[in-house]
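Could you slot chains S and A onto chain P? The hints should help.
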Amino acid sequence: MPSTAQILDWLTIAKPYIIMGLVVAVWPLVSGYIVLMERKVMADMQVRLGPMRVGPHGLLQPIADALKLLIKEDIIPARVDKWVFWFAPVIPVLTALTAFAVLPFSQRYFVAELNVGVIFILAMTSIGVLGIMLGGWASNSSYPLLGALRSTAQLVSYEVAMGFAVVAAVMVAGSLDMVNIVKHQQASGVWFIFYQPIGFFIYLVAAMAETNRAPFDMPEAESELVAGFMTEYSGFRWALYFLAEYSNIFVVCSIATTLFFGGWLRPFPNVAWLNFLDWAPAVMLVGVGAGCLYLAGKQLSAANKIGMGVLGAAIIAVGLAFGVPMVIDYVSGPFWFLFKVAVMIYMFMWARFTFPRYRYDQLMQLGWKWMIPLGMANLLVTGVLILVKMQYWSAK
Amino acid sequence: MTEAETVYRPHPEDHTFLDSNEIVINMGPQHPSTHGVLRVVLRLDGEKIIGSECVIGYLHRGVEKIAENRTYVQFNPYVDRMDYAAAVSNSLGYCEAIEKIMSVVAPPRAQYVRVILTELNRIASHLLWLGTHALDIGALTPLFYCFREREEILKIFENYCGARLTTHSFRIGGLQYETYDGFEKQVNVFCDDFLHKVDEYETLLTGNRIWLQRTKGIGVISAEDCIQYGVTGPVLRGSGVKWDIRKAMPYCCYPDFEFDIPTGQNGDTFDRYIVRMEEMRQAVRIIKQAVAKIPDGPIMAKIPKVIKPPVGEIYHSIEAPKGELGYLVVSDNSTQPYRVRVRPPSFVNLSALDIMIRGHLVADVVAVIGTIDIVLGEVDR
Amino acid sequence: MSLFRKLFLVDLIEGMKVTFGYQNPKYIYTEQYPKERPPVSERYRGAPRLNINPENGETLCIACDLCALACPENLIVVGWQRGGPDGKTGKKTLTNFTYDISRCMFCGLCEDACPTDALELTQDFEMANYSREGAIWDRQALEEGPRPTQYKE
Numbered sequence: 000m001p002s003t004a005q006i007l008d009w010l011t012i013a014k015p016y017i018i019m020g021l022v023v024a025v026w027p028l029v030s031g032y033i034v035l036m037e038r039k040v041m042a043d044m045q046v047r048l049g050p051m052r053v054g055p056h057g058l059l060q061p062i063a064d065a066l067k068l069l070i071k072e073d074i075i076p077a078r079v080d081k082w083v084f085w086f087a088p089v090i091p092v093l094t095a096l097t098a099f100a101v102l103p104f105s106q107r108y109f110v111a112e113l114n115v116g117v118i119f120i121l122a123m124t125s126i127g128v129l130g131i132m133l134g135g136w137a138s139n140s141s142y143p144l145l146g147a148l149r150s151t152a153q154l155v156s157y158e159v160a161m162g163f164a165v166v167a168a169v170m171v172a173g174s175l176d177m178v179n180i181v182k183h184q185q186a187s188g189v190w191f192i193f194y195q196p197i198g199f200f201i202y203l204v205a206a207m208a209e210t211n212r213a214p215f216d217m218p219e220a221e222s223e224l225v226a227g228f229m230t231e232y233s234g235f236r237w238a239l240y241f242l243a244e245y246s247n248i249f250v251v252c253s254i255a256t257t258l259f260f261g262g263w264l265r266p267f268p269n270v271a272w273l274n275f276l277d278w279a280p281a282v283m284l285v286g287v288g289a290g291c292l293y294l295a296g297k298q299l300s301a302a303n304k305i306g307m308g309v310l311g312a313a314i315i316a317v318g319l320a321f322g323v324p325m326v327i328d329y330v331s332g333p334f335w336f337l338f339k340v341a342v343m344i345y346m347f348m349w350a351r352f353t354f355p356r357y358r359y360d361q362l363m364q365l366g367w368k369w370m371i372p373l374g375m376a377n378l379l380v381t382g383v384l385i386l387v388k389m390q391y392w393s394a395k
Numbered sequence: 000m001t002e003a004e005t006v007y008r009p010h011p012e013d014h015t016f017l018d019s020n021e022i023v024i025n026m027g028p029q030h031p032s033t034h035g036v037l038r039v040v041l042r043l044d045g046e047k048i049i050g051s052e053c054v055i056g057y058l059h060r061g062v063e064k065i066a067e068n069r070t071y072v073q074f075n076p077y078v079d080r081m082d083y084a085a086a087v088s089n090s091l092g093y094c095e096a097i098e099k100i101m102s103v104v105a106p107p108r109a110q111y112v113r114v115i116l117t118e119l120n121r122i123a124s125h126l127l128w129l130g131t132h133a134l135d136i137g138a139l140t141p142l143f144y145c146f147r148e149r150e151e152i153l154k155i156f157e158n159y160c161g162a163r164l165t166t167h168s169f170r171i172g173g174l175q176y177e178t179y180d181g182f183e184k185q186v187n188v189f190c191d192d193f194l195h196k197v198d199e200y201e202t203l204l205t206g207n208r209i210w211l212q213r214t215k216g217i218g219v220i221s222a223e224d225c226i227q228y229g230v231t232g233p234v235l236r237g238s239g240v241k242w243d244i245r246k247a248m249p250y251c252c253y254p255d256f257e258f259d260i261p262t263g264q265n266g267d268t269f270d271r272y273i274v275r276m277e278e279m280r281q282a283v284r285i286i287k288q289a290v291a292k293i294p295d296g297p298i299m300a301k302i303p304k305v306i307k308p309p310v311g312e313i314y315h316s317i318e319a320p321k322g323e324l325g326y327l328v329v330s331d332n333s334t335q336p337y338r339v340r341v342r343p344p345s346f347v348n349l350s351a352l353d354i355m356i357r358g359h360l361v362a363d364v365v366a367v368i369g370t371i372d373i374v375l376g377e378v379d380r
Numbered sequence: 000m001s002l003f004r005k006l007f008l009v010d011l012i013e014g015m016k017v018t019f020g021y022q023n024p025k026y027i028y029t030e031q032y033p034k035e036r037p038p039v040s041e042r043y044r045g046a047p048r049l050n051i052n053p054e055n056g057e058t059l060c061i062a063c064d065l066c067a068l069a070c071p072e073n074l075i076v077v078g079w080q081r082g083g084p085d086g087k088t089g090k091k092t093l094t095n096f097t098y099d100i101s102r103c104m105f106c107g108l109c110e111d112a113c114p115t116d117a118l119e120l121t122q123d124f125e126m127a128n129y130s131r132e133g134a135i136w137d138r139q140a141l142e143e144g145p146r147p148t149q150y151k152e
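Residue numbers (numbering that gives the first Met the number 0), protein chains in the order written: chain P, 0 to 395; chain S, 0 to 380; chain A, 0 to 152.
Everything labelled a hint here was simulated from the structure, so no lab data went into it.
Treat the hints with caution; some may be incorrect.
[Said to hold, decoys possible] Subject to a maximum C-alpha distance of 25 Å in a straight line, what follows is the list of computed DMTMM-like cross-link-like pairs (lysine to aspartate or glutamate): (1) S/K241 / S/D259; (2) S/K307 / A/E110; (3) S/K292 / S/D259; (4) S/K154 / A/D123; (5) S/K215 / P/D360; (6) A/K16 / S/D259; (7) S/K184 / S/E150; (8) S/K99 / S/E177; (9) A/K16 / S/E177; (10) S/K154 / A/E41.
Bound conformation, chain P alone (with noise of 0.2 Å):
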C-alpha cells in the first residue's frame, strides 16, 4: 500500500501526461464547440438564428458535424502528389498541438516550463504554414496554388510584427518562461496591455493575419479563391485543416492572454477588497445554467426542452461545486485563463463579421509598411524607457 506522499509524488509526476491526453482527448471537441460559439455569434450580429435543430438550441451540432466529416468519402483527386496531399494537413495539427504544451492554463496546470516558451510556441505556429503550403502544392490545382502562395508570403511577414510585439511584452516581464510572465504581472500588479498597448494591438492585427481570419483570410478567402489552399480536400483531412485552424486561435488567444491580460490571474490580483471576484466561476456558471433553463422554455420539441433542462441543472450543479472554497483554489486559474481566451476569440469573431477583407497586396503595404515600423519604434520605445527605469531605479 503506497502512502499518501507516494501517491502525490506519482502524480507529481504523471501530472503533464495526465494534463498532455486531456488535451489532445479534448481538445477536437472544444475546438468543435469554438467552430458552433462562431456559428452562433455570426448568427447573431447577422439576426439570424444559428444551428437550431441538431439538439437543444443546436449545441450537438459539432458532433453531427464532426460525424459527417468522418464518415464522408475520402476523395484524393487523380493528379495530386498523393503522399504530400496525404500528409499535409497532419502537419498544422502537430503543431499547434505542440504549442499547447507550454500554455500555463494555471500556476499548476501545464506540460511544460520552458524557459524559452514564447519562442517555441512561435517556432511552433510557424512550420504549421508547411502544411498549409505543402497542401496548396500538392493539390495541383490553380487556386489552392493561388491561396498557398498567399499564405506563404502572408504568414512570413506577419511573423516580423508579431515578434516585435511579443519582444516588446517579453521585455517589460524580462523573462521568456510563460509561467514567469504571469507571475510578473502579479507581482507588478499591472496587467501588460497598460504598459503595451500598441504592442497589444500590434500582437492582435498580426494574429489575425496569422491565424488567416478575416479581415487577413486571405489564404481561403471564399469569394475570390473559392476555399483557398483547402480546395480539393474533403472529409476529414478537411477537418483536420480546420482543426488546426482553431487550434491556431486558441494558441494566439492564450498568448496574448499570458502575455498582454495576466494570464490566469484575476483581475486585480493584489487588491483584497476584489476578493470577492474569487466567486466569479461559480456565479457565472450559474447565470449561465439559469440561461440555459430560460432557453429550455422556449425550445420547440419536447426532447429539446428536456436536454436543456438537463443541462441547465447539470451547469448549474457544477457552478455550485465550484464555489466550495476548497474547490475554488483549483478551478479560479484555468476559470480565468479560459475566460480571457475567449473574450479574446469573440474579439476575432466580432471583427470577422465586422469588416471587410483586405486586398492581398494592400495587406503587404499594411503589414510591411506599418505593423512592422510601428512595432520597430514600440520597441525602440520600451527599451529606452526600461533602460531609463532601470538607470533611476539602480541610482536609487
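Same frame as chain P, but now just chains S and A:
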C-alpha cells in the same frame, strides 16, 4: 492546349517579364462569387490579370424564341424570369412596350401603383446587389441586413399580387390586382424605416477604411468608354454621365415626381457604390410622393379581350435597376408577337468587364463583377 | 478630425458598434420554418384547387377550357363530355382535370381566366413529391387539396 486557352485570345499588348508565370484560371461557372453561372477565363501573371474573357450562356433558355410561340398576355410571366432580382421592372417594360404599340395608356391609378412597385423593386434589387457585393469584398454581415429589408419589400409584393420574386404583377393595359387594405401604410412604414437602415449600411461600409481601399480606384471606366460599350445604369452614372431614362425619356408617370439623379466622378467601384446607395434614397423619395398623391379610378384601360396589336414595330426602354432595359416588339397583327428582342442591361454592361479588370488583381475581379451588378438570368436569357 | 478618426480607428469601431448592437435577440428575423409556419398573404399564388359548390357538392367547373387556353405552359388538360343522353348534345360536364404543377410557374393567368371561380391558386405552398408523376394532379387531388409527401417521425 486546354479548352480555356483556346477560348482566350491574347491581347496584343499583353506581355510579361516571364511568360512561364502565366496561369490560365477558370473563374466559374461554379464559383462562389460570379453571381450565378458566369464563367470568366482569366489569364494571370501571379495574381495580376493580363486578360479575361467572359463565357456566358449557361442559363440560356431562349426567352426571345419563347415569345414568338406565346400570345402577348402569355409571354408576360416569362419576362419576370429574365432579371429575377427585378421582376417588376421587366414586367413594366414589357407591358408598356405592348401598350405603346397598341396606343393604349394605362389609367393614372395603375401608373402610380406601377411606379410604387417598380421603385420598391429598384430598392430590392439594389439591396441584393449591396449584400452580395459586400460579401464578395469580404464583409459577411451586410448581406443579412440587406436581405432583412428586402424581405419587407417582398412581403409587400406578396400581399399585393401573391408572389414574392417572379411577381407577374402588371398586365397589359394596367393592373390585375387592386391594392390591398393597408398598402399605403405598409409602404410608408417601410420607407420610414428604410432610410435609417441605409445609414447603417453606410456606417458599416462607406466610412470603413478597408472598404475604401478595396473600392477606390478599382475597375475604373471612363465616360467615353461607357458610351462606347453601351454601358448604362449606375455604371454609366458612376462615371459622371447624367443619363437616366426616367428623366431623359420619361415613361409611366415619372414626370410627376421630383427626384435627383446621383452621379459620380471617377467611375470607380466606390463611385458606383455611392450612386446606388443614393439611388435607393431617391427611390424612397419617389415612393413617398407617389403614395401621397395616388389617385382613385380604374386600374385597367379598355383593351380588347384578345390582344392583336396593329402591324408595326416599337422600341420601348425603361430604367431598370441595372440600366436601360429595352424591348423591341415586332407585331404582324396576330395574337403572337412576330419577334421580341430584349436589350438587357446586364448583358451589355458585362461586355465592359474586360477593360475594367485588366491590370488589377484576382481579388478585384470579384469586386468588379459585383459592381457591374449582373444577373445571369438576364445576361443569358 | 479625420486624422483623429484615422489614428484611433473610429471608422472601424463605429462598424463594430452596429454589429454588436444587433446581437440583441429581439432583432432575430429568422423563422424556424417547419416548426413555426409563416403566414402567407391572402392573395398568395400557391397550389391550385378546383372549388366545389359547398351546397350540393358539385364542381363549379363548367369545362369551358378557358384556363387551358390561358396557360402559357399548356399544362392544364380539361376532360369533358356532353351531358345529353347520346353524349353528343346537352351541357358540358367535367370528367377529368389534370394540372401539372411541375411545369407551373404560378403566374395566375388560369385563375384570372376562370369565369366561375372554380380554379383557384391557394395559400398552400408545400407540394413536395418523390416522383414526377406525383406532381401531376388529377381532379381528385385538385378538389381535395395537396397531399405532400411527408417525413414522419
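Going through the hints against the structure:
Annotation: proposed proximity of S/K241 to S/D259 holds, straight-line Cα distance about 10 Å (limit 25 Å). Restraint check for S/K307 and A/E110: the C-alpha separation of about 22 Å stays at or below 25 Å, so the hint holds. For the hint pairing S/K292 with S/D259, the CA-to-CA distance comes to about 19 Å; that is within 25 Å, so the pair holds. This hinted pair checks out: S/K154 and A/D123 have alpha carbons roughly 16 Å apart, not beyond 25 Å.
For the proposed pair S/K215 and P/D360, the alpha carbon gap of about 14 Å is at most 25 Å, so the pair holds. For the proposed pair A/K16 and S/D259, the alpha carbon gap of about 32 Å is over 25 Å, so the pair is violated. Using a Cα cut-off of 25 Å, the hinted pair S/K184 and S/E150 holds, with the two alpha carbons roughly 17 Å apart. Restraint check for S/K99 and S/E177: satisfied, since their Cα atoms lie roughly 23 Å apart, inside the 25 Å limit.
The suggested pairing of A/K16 with S/E177 is violated, with an alpha-carbon distance near 43 Å, which exceeds 25 Å. A threshold of 25 Å between alpha carbons decides the hint, and for S/K154 with A/E41 the separation of about 12 Å falls inside it, so the pair holds.
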